[in-house]
Amino acid sequence: MNNLITQLKNLRRIEPDALFIERSRMLIVGNLIEARPIQRSSFFTGWVPAFAFGGVFIAVVGGIIFLLGEPRLHAARGLNSRELGTELGTITIELEAITYRDAVGRAIAAALSPDDTASFLDQALLEKGGQNAVNKQIDALLKAN
Amino acid sequence: MNEEELVKSAQAGEAKSFGKLYDTYIKPIYRFIFLRVGRKADAEDIAHHVFLNAWQSIQTYQFKGFPFSSWLYRIAHNAIIDFYRTAKPEVSIDTVAENVLHDTGSVDETVDRAIAVGEVQAALTRLGADEQAVITMRFIDDISNREIALAIQKTEGAVRVIQHRALKKLKTLVHEQPHHTIKES
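For the record, the sequence lines run as chains A and B.
Per our numbering, residue 1 is the first one in the first sequence, and the count goes up by one each step.
Per our numbering, residue 1 is the first one in the second sequence, and the count goes up by one each step.
In isolation and in its complexed conformation, chain A is listed as follows (with noise of 0.2 Å):
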C-alpha cells in the first residue's frame, strides 16, 4: 500500500507545459473585459457624462485661447490706422496746449515783474512811444514860459 502512494506522490511531477501556461493565461488575463460580467460603472456610458465632458473640454480649449489669444488681439488692435490718427491727433492738441500754457506763463511773470523791461520786449512799442515822446505843443507851451 505504501509503495501504492509513492507511486502516487509520484505523479506530483505531471505539469503542463510552460506554453500552454503562457497562451491560456494570456487569453484569460487579456480578455477580461469581454470576457467577464463586470459589474462596470455607468458614469462613462450615457449621454449626461459625454456632454458633461463635452462642456469641460470646450471651457478648457476656450480658456486656453482666450489667455493665449489675449495679447495678439491688443497687438492688433494697435495696429488699426484709425485708431492711429485718432490718438495722434489727441498728442498734438496736448502739444499745443502745452505750448499755449508755457506762453502764457512767461508774459503773466513778464507782467508782473517790478523793472520795465517788458516794454523794452516790444519794439514797435518803443518805436511808436519814441515817436510820440516829443510833443510839439508840450515844447511849445514850455518855451512861452
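Hints listed in this document are in silico derivations from the structure and should not be mistaken for laboratory results.
Incorrect hints may appear among the rest.
[Said to hold, decoys possible] Cβ-to-Cβ under 8 Å is the rule here; a few derived chain B residues that face chain A:
(1) 48
(2) 120
(3) 140
[What the hints assert, rightly or not] Only some residues are given here: those of chain A computed to face chain B with a beta carbon under 8 Å:
(4) 10
(5) 12
(6) 20
Fair warning: this is a prediction, and the values are worked out from it, not measured in the lab.
No residue lacks a Cβ here, since even glycine has one placed at the ideal position from N, Cα and C.
Given the structure of chain A, go ahead and fit chain B onto it with the hints provided.
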C-alpha cells in the same frame, strides 16, 4: 496580498489579481484534470475552461475560510464529469512517461518509474469520478478531507469512505495489469 484579498480584488475586476490566482493554481488543477482524462490536449482544454469559467463567475464565489483552490477543484470536477458524458477518455502511458522522465537516474530506473506511474494512472482512470477525485486530491496534492468534501460536495465522512474504498480498488486494479511493476511493501 493574501489569498482572500486577491480574490476580493479579482471580484472587483482587477485582472492582475486573478492572474496571480491563476499562477498559483494552474499546475495542481491541470494535474488533477490530466490524471482523470489521460490526454494532454483534453487536460489543457479543460484546465483553460476551468479558469475561464472561474473568472466569469468569480462574483458568485464567497470566501468561507477555505482556500480558493476548493472552488477551482469543484469547477474542475464538474467539468471532468461533463467531459466523461460527451467523450470516451483514453489513457496514454507515453504521455505520462513524458511528464515523469525529467528526473536523473539510470535508464532502467526511469523506465520502471514511468511504467509504474503509467500503471497507476491507467488504474486511476478505471475508478469512479468521485474516487478519482478523492485519490488525486488526497494523495497527490495533499488536500485535506474537509476541502475535498467541499470540492466534490460530499460530507467529510463520505470522503473518508470513498478514500478507503478507492485505495483498495486501485491496488487491485494495478495488480490486475499484465506487467505491473509496483511491488507490495
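Consistency of the hints with the structure:
no. : hint : result
1   : 48   : holds, 4 Å
2   : 120  : holds, 5 Å
3   : 140  : holds, 5 Å
4   : 10   : holds, 5 Å
5   : 12   : holds, 5 Å
6   : 20   : holds, 5 Å
Comparing the model with each earlier hint shows no violations; every hint is respected.
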